[in-house]
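Peer 1: Residues per chain, in single letters:
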Amino acid sequence: MSEFLNLLAAGLTSGAIYGILGACLAVWFRVCNVLNLAVGDFAMLGAIGTAVLVQNDDIPFVAAIVVDLVAVGVVAWLFDRLVLHFAFDRRAGGHGIVSVFFYTFGLSLVIEGAARALFGTDVHSAPAIWSGPALTIADFHVQRAGILVIALAAVSGLALWAYLHFTVSGRAASACGESVLGSRIVGIDSALFRRRIFIMTAVLAALFGVVESPLTGFTYQSGPTISLIGVVAAGFAAFRRPGRAVVVGLVLGVAEAMLGGYVSTEYNDVLLYAILFVILIVQPEILGLSAVLA
Amino acid sequence: MAAAAAAAEGPDPGSVALEVASVSVNYGQFVAVESATFSVGAGECVAVIGPNGHGKSSMVTAVAGLVRRGGTVRVFGTALPVGDPRAAVRAGLVLVPERRHLYPQLTTRDNIMLGSYSHTRRVWARQAWAEVAGVLDMFPELAPLLDQKAGTLSGGQQQMVALARGMAARPKILMLDEPCLGLAEVVTHRVYDWLGAMTATDMTIVLVEENPVHALRVCHRAVRMYRGLVEQPAGEAGPDGPGPDGPGPDGPGAVSA
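Keeping their order, the protein sequence lines are chains U and P. 209 is the number that our numbering gives to position 209 of the first sequence; each next residue is one higher, with no gaps. 187 is the number that our numbering gives to position 187 of the second sequence; each next residue is one higher, with no gaps.
Keep in mind that a hint or two might mislead.
[To be verified] Taking CB as the label site, the calculated pair distances span:
| id | chain 1 | residue 1 | chain 2 | residue 2 | range |
| --- | --- | --- | --- | --- | --- |
| 1 | U | 162 | P | 141 | 30 to 40 Å |
| 2 | P | 104 | U | 255 | 30 to 40 Å |
| 3 | U | 278 | P | 52 | 41 to 51 Å |
Since the hints were derived computationally from the structure, they do not count as laboratory data. C-beta: ideal position from N, C-alpha, C; glycine also.
Full structure from sequences and hints, please.
Peer 2: Now the structure itself:
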C-alpha cells in the first residue's frame, strides 16, 4: 500500500509538470493555432534566472522571483512585437506549417544560446519556496516542492478552463483561433489576445520553473525537453483544452510511475509515445474526458 | 425586438448614414477597387450589385475596416480610421461577411453572444448572452440549436447564426455580403423575408448581391460596381451614365422595390 501511495505521489508530481506545460501550449494554440515550442525555455529562464539572482546578486528570494517573472514577460512581449506581429498581423494568411512550428522553435534556440552565455552550463535550482524535509504521513512521503507543483497545475488548469468557458473574454479568445476574420468583424482584437496569452503562458511557465527547480534542477538546455513534454500532454488534449491537458498530464504521470514501479522504468517513454500515437490516430475523444472538460 | 431597440438609438431620418468617398483597395499590384463613391441615407436599404470579381466584397470589407484602403468612410458624419474594424463596429457599422466566418467549434449561443463583444460590459458569458438573447425573436428557428456547435449546422442555419450575430452587435448600419450565396431557395426566401422586415425599421442596410432580382425585392435603390468602380445610378450625380456594357435589364438606376 505504501509503495502504491509513494508511486502515486511521484506520478502526480511528474504528471503536474506535463499538465502545466500542456495547459500553456494548449491555451495559446487555441487562440492562434501556433505551438509555443519555447514554453520550456521560459520555464528554464524562470528557474535559472531566479537562482542566479538569489545566489550571485544577493537579491531577496521573493524580489528575485518578481524581477525574473517580469523579465520573462518582457522577453515574451518583445518576441511578439518583433516577430509574431510581423509574421501574423502584417501578412494575410500566414498560417502554414512554417508559422506553426518555426517561429517559436527559433525563439527556443535564441533563448538557449542567450541562457548559455548569461548563466553558463551549470545545473541551477531556485531556492525552495516551501522548504523543509519531505512530508511523511504514515509511510507516504511527498516532497514539498512536489505539492506546490501539483497545486500550481491544479489551480492554473482550473483557472484557464473557467476563463475559457465562463467569461466573454475567454469565449472571444477561443473565437480568435476559430476564425480571424470572424473575430475581427465583431470587434475582437485577435492580435491583442495572442499577445496577452503568450505573455501569460510564458510567465506561468517561468513560475512553474521556479517552483519545480528544487526537484530536478535546470540547465540552459532543459527547455526543449520540457517543451516536448508539454507538446505530448497538449496533444492528448487536442491541443486546445488546457483544463483537459492538466487532467491528462496527471493521469499520464501516474500511469508512468506505476509502470516504472511495478514493471520497469525502461518502458516509460515507449508507453507515453505509443499511447499518444494511438490516440492521435484513432480519435482524441476516446479519452472520454470531453464531457467533463469540453 | 432587438432591432427596434437598436434602431431607436439611430439618427433622424433624412440624414446621411454612410458616406463612402473615393475608397480604393489594392492587393499588391492588383487593384480590386479603383474608386468607390456613394452614400446611403439613414434608414435606407441600398443594394450593391454587379458581376462577381468586380470589387463588391473588397469594397465592403474595406469599408468595415478589415482590409487597408484609400479614401474616406464616414458613419453619421464621423470618419472611420483605416484598418480598424473595432472602430467601425463601435460606430454601429456591422458586416455580415460572405461565407459567414462563424466559429465552428463554439456553440450557436456563443457565436451569437460574441456579436455583442464590442459593446458588452459583462464579464460572464452567461450574462452577456442574456443581454442579446432577444435576437432569437427574429430567428426562432435557432432556439433549439443554441447548444450545438456552429460547425455542425446546415448552411442555411449557419447563415441565420451569422445574421443573429450581426444583430447582436446592435448595428445602425448593417452590411450584408452575399447572404444567400450557395443556399437553398427556401433559405434565400427566409433571408429576404427577414431583410424585408428590417427595411421597415430605421436600420440602414447595404446589401451586396450578385443577383439584382433578389436584391431589388427589398432594396430601395441600387448602386452598381463594375471593374472596381461604383457607377452612379441614373438620376443621381453620375457623370457618365451607364457602364461600358450598357445598363441592361439588371443595370443600375433608381429602381423602386
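Peer 1: All hints, please: hold or fail.
Peer 2: Hints versus structure:
1. Between residue 162 of chain U and residue 141 of chain P the CB atoms are about 32 Å apart, so this pair conforms to the stated range of 30 to 40 Å.
2. At roughly 33 Å, the beta carbons of residue 104 of chain P and residue 255 of chain U sit within the given window of 30 to 40 Å.
3. A C-beta distance of roughly 47 Å is found between residue 278 of chain U and residue 52 of chain P, which places it inside the suggested range of 41 to 51 Å.
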